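Colleague: Take a look at the letters that make up each chain.
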Amino acid sequence: MDTLNILLVGFISIVIVNNLVFTKFLGICPYLGVSGRIDMAFGMGMAVTFVVTLSGTLTWLIDHLILMKMGLEVTRYVCFILVIAGAVQLVEMYIRKFFPSLYESFGIFLPLITTNCAILGLCLFINLWGIDNLLEAVVLSFGAGIGFTMAICIMAGIRENLNMADVPESLKGAPITLITAGLLTLAFMGFAGMIR
Amino acid sequence: MTTKTTEGPILGQTFIAGLWRENPVFRLLLGMCPTLAVTAAVKPALTMGLSVIFVLVCSNIVVSLMRNLLKPHLRILMFTLTISTFVTIADLFLRAFQPVMSERLGPYVPLIIVNCIIICRAEACASKNGLVVSIVDAVGMGIGFTLALCVLAGVRELLSTGMIFEAKVMPAWFVPWAAMSMPVGAFITLGLLLGLVNKLTKGKS
Numbered sequence: 001m002d003t004l005n006i007l008l009v010g011f012i013s014i015v016i017v018n019n020l021v022f023t024k025f026l027g028i029c030p031y032l033g034v035s036g037r038i039d040m041a042f043g044m045g046m047a048v049t050f051v052v053t054l055s056g057t058l059t060w061l062i063d064h065l066i067l068m069k070m071g072l073e074v075t076r077y078v079c080f081i082l083v084i085a086g087a088v089q090l091v092e093m094y095i096r097k098f099f100p101s102l103y104e105s106f107g108i109f110l111p112l113i114t115t116n117c118a119i120l121g122l123c124l125f126i127n128l129w130g131i132d133n134l135l136e137a138v139v140l141s142f143g144a145g146i147g148f149t150m151a152i153c154i155m156a157g158i159r160e161n162l163n164m165a166d167v168p169e170s171l172k173g174a175p176i177t178l179i180t181a182g183l184l185t186l187a188f189m190g191f192a193g194m195i196r
Numbered sequence: 001m002t003t004k005t006t007e008g009p010i011l012g013q014t015f016i017a018g019l020w021r022e023n024p025v026f027r028l029l030l031g032m033c034p035t036l037a038v039t040a041a042v043k044p045a046l047t048m049g050l051s052v053i054f055v056l057v058c059s060n061i062v063v064s065l066m067r068n069l070l071k072p073h074l075r076i077l078m079f080t081l082t083i084s085t086f087v088t089i090a091d092l093f094l095r096a097f098q099p100v101m102s103e104r105l106g107p108y109v110p111l112i113i114v115n116c117i118i119i120c121r122a123e124a125c126a127s128k129n130g131l132v133v134s135i136v137d138a139v140g141m142g143i144g145f146t147l148a149l150c151v152l153a154g155v156r157e158l159l160s161t162g163m164i165f166e167a168k169v170m171p172a173w174f175v176p177w178a179a180m181s182m183p184v185g186a187f188i189t190l191g192l193l194l195g196l197v198n199k200l201t202k203g204k205s
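Quick note, the sequences are listed as chains B and U, same order. Per my numbering, residue 1 is the first one in the first sequence, and the count goes up by one each step. Per my numbering, residue 1 is the first one in the second sequence, and the count goes up by one each step.
Some hints here could point you the wrong way.
Stated by the list, open to error - When the alpha-carbon atoms are kept at most 20 Å apart in a straight line, the in silico DMTMM-like pairs for lysine to aspartate or glutamate are as follows:
{"no.": "1", "chain 1": "B", "residue 1": "K172", "chain 2": "B", "residue 2": "E160"}
{"no.": "2", "chain 1": "U", "residue 1": "K199", "chain 2": "B", "residue 2": "D166"}
{"no.": "3", "chain 1": "U", "residue 1": "K202", "chain 2": "B", "residue 2": "E160"}
What the hints assert, rightly or not - Cβ pair distances, simulated, as ranges:
{"no.": "4", "chain 1": "U", "residue 1": "T201", "chain 2": "B", "residue 2": "H64", "range": "27 to 33 Å"}
{"no.": "5", "chain 1": "U", "residue 1": "T201", "chain 2": "B", "residue 2": "I195", "range": "42 to 48 Å"}
{"no.": "6", "chain 1": "B", "residue 1": "H64", "chain 2": "U", "residue 2": "A172", "range": "33 to 39 Å"}
{"no.": "7", "chain 1": "U", "residue 1": "F174", "chain 2": "B", "residue 2": "K172", "range": "31 to 37 Å"}
{"no.": "8", "chain 1": "U", "residue 1": "K202", "chain 2": "B", "residue 2": "M68", "range": "35 to 41 Å"}
{"no.": "9", "chain 1": "B", "residue 1": "G190", "chain 2": "U", "residue 2": "F97", "range": "37 to 43 Å"}
Since the hints were made in silico from the structure, they are not lab data. If you're wondering where the values come from, they're calculated on a predicted model, not measured in any experiment. Just so it is clear, CB atoms sit at the ideal spot from N, CA and C, and this is done for glycine as well.
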């Protein structure tokens with residue numbers, strides 16, 4: 001019961017209160033780049049969720065079972081990025097085989113999941129927060145993916161409506177998206193301090 | 001002789017391009033995460049900028065030297081491995097000589113690995129050009145990035161604390177805008193700055 005409680009609180013905290021996009025500025029590039037249409041945003045969110053869960057779990061295992069035991073913490077970043085690149089390769093092959101139309105519409109953004117800061121960032125945060133329980137690491141990674149999906153879908157929804165708005169000439173495109181993101185962040189600040 | 005006379009201007013153009021015309025932050029919209037995350041004050045922004053210059057120059061040199069050995073499908077992997085090696089060096093250096101700043105920047109130093117600017121320059125410039133052009137390009141882009149970071153950080157630090165470089169500049173009646181040091185301030189300031197840059201360059205291009 002106690003562990004279940006901790007896991008639940010951790011999940012809610014990473015999805016809403018400590019959302020990686022809104023409070024830690026991670027994963028901003030796809031957040032701004034792929035949030036034009038809601039179906040693409042959702043597909044991107046799902047791909048990121050899968051990669052982040054897989055790599056969060058794997059990096060925790062590698063970190064605790066190999067690197068810490070053998071005193072190789074210096075090579076941590078190199079190992080983490082290798083794991084992430086491998087996981088992304090896996091997702092890319094899967095999507096190309098089973099969802100060719102989705103693969104076409106993602107274009108360059110799919111291999112760029114490797115350089116999505118949210119994924120490496122989460123692996124580093126799990127290490128920084130000193131999570132010493134595999135189950136907690138898995139739940140946190142999954143929650144981070146869900147949080148990212150939520151953020152990018154909200155953003156895509158707003159931007160679909162923004163197309164019809166009358167925006168000043170020089171603010172069109174990226175600037176207005178950033179300002180919208182700022183206001184969205186302001187809304188999510190209301191959750192700050194709710195948990196931890 | 002002709003190659004010598006044409007090389008100078010091209011190098012100069014490559015250097016200037018990074019500063020303004022292809023400024024990584026304001027024009028190409030690359031490397032947004034550190035741009036937003038470390039710009040609450042000028043000092044961390046400057047530290048971040050210098051670390052990025054170091055990593056960018058080193059990785060461009062290495063990528064440029066091994067560009068003929070690269071296999072297309074392993075390209076990105078080789079880039080990230082090269083970059084992460086240099087980021088590890090930068091991180092250890094900061095931890096040893098600037099422990100306070102290292103603590104403050106936290107995971108954003110290792111996150112330089114996934115900074116799009118560095119991969120973009122490795123892919124777009126260093127894997128196609130010779131050593132000299134790659135170095136000049138890296139320095140130009142790095143300085144452009146640092147300048148953009150410092151401008152953003154300057155605005156935010158001034159409005160959120162009334163100070164620049166931790167020295168008070170605003171008059172006593174100034175009430176600090178606490179929101180500017182929070183994520184909200186980062187997004188909105190960058191949005192407005194981009195709008196300003198668009199307005200300034202609209203007539204020329």
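Colleague: Provide an ascending list of the numbers of those earlier hints which the structure does not satisfy.
Modeller: 3, 4, 6 and 8
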